[in-house]
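Start counting the sequence shown at 15; every next residue gets the next number (the numbering used here).
Quick caveat, the hints were computed from the structure, so don't treat them as lab data. A hint or two may mislead.
What the hints assert, rightly or not - Pairwise CB distance ranges, derived in the manner of DEER restraints: (1) V51 to L86: 14 to 22 angstroms; (2) F59 to F38: 14 to 22 angstroms; (3) A57 to A35: 14 to 22 angstroms; (4) G27 to P85: 17 to 25 angstroms; (5) G81 to R44: 27 to 35 angstroms; (6) K29 to F59: 23 to 31 angstroms; (7) A37 to L86: 29 to 37 angstroms; (8) G81 to A46: 30 to 38 angstroms; (9) A30 to P98: 29 to 37 angstroms; (10) P67 to G27: 29 to 37 angstroms; (11) S49 to R80: 31 to 39 angstroms; (12) G81 to I31: 16 to 24 angstroms.
Where is the CB? At the ideal position from N, CA and C, for every residue including glycine.
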Amino acid sequence: MKPLDELLAPLLGNKAIESAAIAFVMDLERAAGRSPVDWRYEAAFAADIESLPRIIEVKAVGGSQRGWFLPLEVPQVSEASTNPDFYI
Numbered sequence: 015m016k017p018l019d020e021l022l023a024p025l026l027g028n029k030a031i032e033s034a035a036i037a038f039v040m041d042l043e044r045a046a047g048r049s050p051v052d053w054r055y056e057a058a059f060a061a062d063i064e065s066l067p068r069i070i071e072v073k074a075v076g077g078s079q080r081g082w083f084l085p086l087e088v089p090q091v092s093e094a095s096t097n098p099d100f101y102i
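With the sequences and hints as input, model every part of the structure.
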């Protein structure tokens with residue numbers, strides 16, 4: 015088992031933060047009885063995770079984004095506007 019200070023170490027860099035957020039959401043989906051699939055690196059997929067019936071876009075940042083807008087790409091907006099099972 016890892017020491018507590020390693021488990022609580024700050025995440026450095028956007029990639030580490032994004033990966034931690036994806037892992038967190040995938041764990042939540044598994045706990046709910048779904049089978050999530052990570053599609054982050056598949057350009058044709060409109061979001062990060064497919065966890066049927068859900069399509070999930072994960073947004074994670076390493077600091078406060080208070081007052082800033084949530085950046086969405088065109089495929090994400092399109093999916094969100096047509097799919098009631100699209101989650102952010």
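Hints, one by one, checked against the model:
Range check, V51 to L86: about 21 angstroms between beta-carbon atoms, so the 14 to 22 angstroms window is met. Distance hint for F59 and F38: a CB-CB separation of about 19 angstroms, consistent with the stated range 14 to 22 angstroms. Hint check: A57 to A35, Cβ distance near 20 angstroms, so the stated range 14 to 22 angstroms holds. In this structure the supplied range 17 to 25 angstroms holds for G27 paired with P85, their Cβ-Cβ distance being about 18 angstroms.
In this structure, G81 and R44 meet the distance hint of 27 to 35 angstroms, their C-beta atoms being roughly 34 angstroms apart. Between K29 and F59 the C-beta distance comes to about 19 angstroms, which lies outside the given range of 23 to 31 angstroms. Taken as a hint, the range 29 to 37 angstroms is violated for the pair A37 and L86, whose Cβ atoms sit roughly 22 angstroms apart. For the pair G81 and A46, the beta carbons lie near 32 angstroms from each other, so the given range of 30 to 38 angstroms is met.
For the pair A30 and P98, the supplied restraint of 29 to 37 angstroms holds, since their beta-carbon distance comes to about 32 angstroms. The beta-carbon spacing between P67 and G27, approximately 33 angstroms, falls within the hinted interval of 29 to 37 angstroms. Restraint check, S49 to R80: a C-beta distance of roughly 34 angstroms satisfies the suggested window 31 to 39 angstroms. Taken as a hint, the range 16 to 24 angstroms holds for the pair G81 and I31, whose Cβ atoms sit roughly 19 angstroms apart.
Checked against the numbered hints listed earlier, the structure breaks hints 6 and 7; every other hint is satisfied.
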